[in-house]
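Engineer: Each chain is listed here by its residues.
Number of protein chains: 2
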Amino acid sequence: MPTPTLLVLDAEPLPRLGRLTGRVRVEHTDAAGLAAHLPRADVLLVWDLTSHAVRDAWPGGGPRPRWVHIASAGVDHVMCPELASSDTVVTNARGVFDQPVAEYVAALVLAMAKDLPRTLELQRARTWRHRDTRKVAGSRAVVVGSGPVGRAVARTLKALGVTTALVGRAARARVHGPEDLDRLLSRADWVVAAAPLTERTRGMFDARRFGVMQPSARFVNVGRGPLVVEEALAEALDKRWIAGAALDVFAAEPLPGDSPLWGVPGLIVSPHMSGDTAGWRDELAAQFVEFFDLWAAGEPLRNVVDKQRGYVPGP
Amino acid sequence: MPTPTLLVLDAEPLPRLGRLTGRVRVEHTDAAGLAAHLPRADVLLVWDLTSHAVRDAWPGGGPRPRWVHIASAGVDHVMCPELASSDTVVTNARGVFDQPVAEYVAALVLAMAKDLPRTLELQRARTWRHRDTRKVAGSRAVVVGSGPVGRAVARTLKALGVTTALVGRAARARVHGPEDLDRLLSRADWVVAAAPLTERTRGMFDARRFGVMQPSARFVNVGRGPLVVEEALAEALDKRWIAGAALDVFAAEPLPGDSPLWGVPGLIVSPHMSGDTAGWRDELAAQFVEFFDLWAAGEPLRNVVDKQRGYVPGP
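In the order they appear, the protein sequences are chains Z and C. Heads up, the first sequence is in the numbering used here, so the first residue is 1 and it goes up one at a time. Heads up, the second sequence is in the numbering used here, so the first residue is 316 and it goes up one at a time.
No wet-lab data here; the hints were simulated from the structure. Keep in mind that a hint or two might mislead.
Derived DSSO-like pairs (lysine-lysine); straight-line CA-CA distance at most 27 angstroms [stated by the list, open to error]:
#, chain 1, residue 1, chain 2, residue 2
1, Z, Lys135, C, Lys450
2, C, Lys450, Z, Lys158
3, C, Lys473, Z, Lys135
For each label pair, taking beta carbons as the anchor points, the in silico distance ranges come out as [stated by the list, open to error]:
#, chain 1, residue 1, chain 2, residue 2, range
4, Z, Glu179, C, Thr336, 49 to 57 angstroms
5, C, Ala486, Z, Arg118, 38 to 46 angstroms
6, C, Asp621, Z, Lys158, 35 to 43 angstroms
7, Z, Lys135, C, Lys554, 32 to 40 angstroms
8, Z, Asp30, C, Pro580, 46 to 54 angstroms
9, C, Ser501, Z, Ala296, 38 to 46 angstroms
10, Z, Gly263, C, Arg515, 20 to 28 angstroms
11, Z, Gly22, C, Ala452, 33 to 41 angstroms
Note that beta-carbon positions come from the ideal geometry of N, C-alpha and C, so glycine has one too.
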């Protein structure tokens, strides 16, 4: 096999591809240069986690890479109809973020149950004010998204004694289908969105669904921003339809400084970092190198995305 | 048996003793009236969780209650040599707070691992700043205190994948003795103080012990304030000997508004609330009523405090 060309859609810091040295010709590009580089690449590594550049550049003319690896769990920022209908194999970083995201959700759930944001406010005011808090064990959660992230979230919440239901695109063993969602929402203390962004999940958390939830319920989104109708969430918090929420992902990222979401009472805003524990970039690079070995050996790739559905189908 | 007199050292809200109605003569007192009431009480319920009034009033003359129930896990605020050497049985609220405190510790550990206080600061400043966080699974904790609270903390941290060592007053099955403490501290990511306050534990977290810990270590105290030399902790944080800390208990409570602890960078201050989940006062009252039934029937009480040691000896 001639030395393949690996094109990297860059982001800082660059991936460490140590073991590939000498085995590939590596070309780096930014979003602006992508269209020009694409035709001579055998493999595209989408290292930039947020750029829509692939979606924009792919439809252009000329040959296309046979394999695209997306170094994130979500693929919505990359997929386009032309890529979906092509022969190109798309893989993602499924597996790297599961446990970190699950811990992040547990951190948010516990922080809200224990009223930690208010404790930090009172500390700034040097004010000693005792409050009763909520027991997490024995409470009820619904996790929407039955992929590895959702399942890890459910496992971690269960380990804390939370009765947890998983909701996926269709009912199966230990997973509820969408038909159960409203009933589960109406009884949940915690609602966690951990689904991929697809045409079926876009905007699923809207005014009606926040209205179904209990006034004591709290909502967490670690999936993708557009799963949530942000204005509806802000209104639900403002009108006390629900008791609190935490968003780690947003329709527009970075969230603009003038977004009203920064200041919604009862809302915790964090900068899309739920999966990013120390060393995460090295884990992503190591996973790509591992997949490259399979690809170079002509073996089946792992984490192959169903390009119509927009995620890696699971068990 | 003549109707016994139950004396309650009051705090708001008063205990709900429903089932005892008609079976006891209930007298209520505040700290100032305690000495005058003590001689005619058969049973003393120390409902005030912070007052030192019993310690002050007990040595006076006249008969004394045969049973004192302290509605908290710690008994240090009540015990005095005269009570310790008397025939009076002392019981405590062991069991009510275990799971809530364990969850509170998990909340603090996860909040620190995920840099949540900084996230809330950045949110106030409407600033999007991604940071890498720490994975909790695979990290190491030392829990000092091998009673029910310490064991619940250890169980909960283990459920999150944290390798956890328990340290008690003497080595036994699954519990390290004090001789292992410094070695364990030197390798721990998380150090949790959940011990009773006794002459052996007072001031045990001093400058030397903070010096033994790793620069990346974080310290949590949910036991009693005087376990910690507070100035030494403030200095350890200031000099970056350790990376962070959270105190829920203090030498002086409420923590005075002018205490420097409110403003120590890297320190989370909360108002002695780790065990207090909704309904905790009713659980305490129900536990006392349950014990009263045993006492009235002449059966052995539970949670009997070893008055020399200052806690309920465990398995």
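Engineer: Determine for every hint whether it applies to the structure shown.
Structural biologist: Cross-check of the supplied hints:
no., hint, in the structure
1, Z/Lys135 x C/Lys450, "24 angstroms, holds"
2, C/Lys450 x Z/Lys158, "18 angstroms, holds"
3, C/Lys473 x Z/Lys135, "18 angstroms, holds"
4, Z/Glu179 x C/Thr336: 49 to 57 angstroms, "50 angstroms, holds"
5, C/Ala486 x Z/Arg118: 38 to 46 angstroms, "41 angstroms, holds"
6, C/Asp621 x Z/Lys158: 35 to 43 angstroms, "37 angstroms, holds"
7, Z/Lys135 x C/Lys554: 32 to 40 angstroms, "37 angstroms, holds"
8, Z/Asp30 x C/Pro580: 46 to 54 angstroms, "38 angstroms, violated"
9, C/Ser501 x Z/Ala296: 38 to 46 angstroms, "45 angstroms, holds"
10, Z/Gly263 x C/Arg515: 20 to 28 angstroms, "50 angstroms, violated"
11, Z/Gly22 x C/Ala452: 33 to 41 angstroms, "36 angstroms, holds"
Checked against the numbered hints above, the structure breaks hints 8 and 10 and satisfies the rest.
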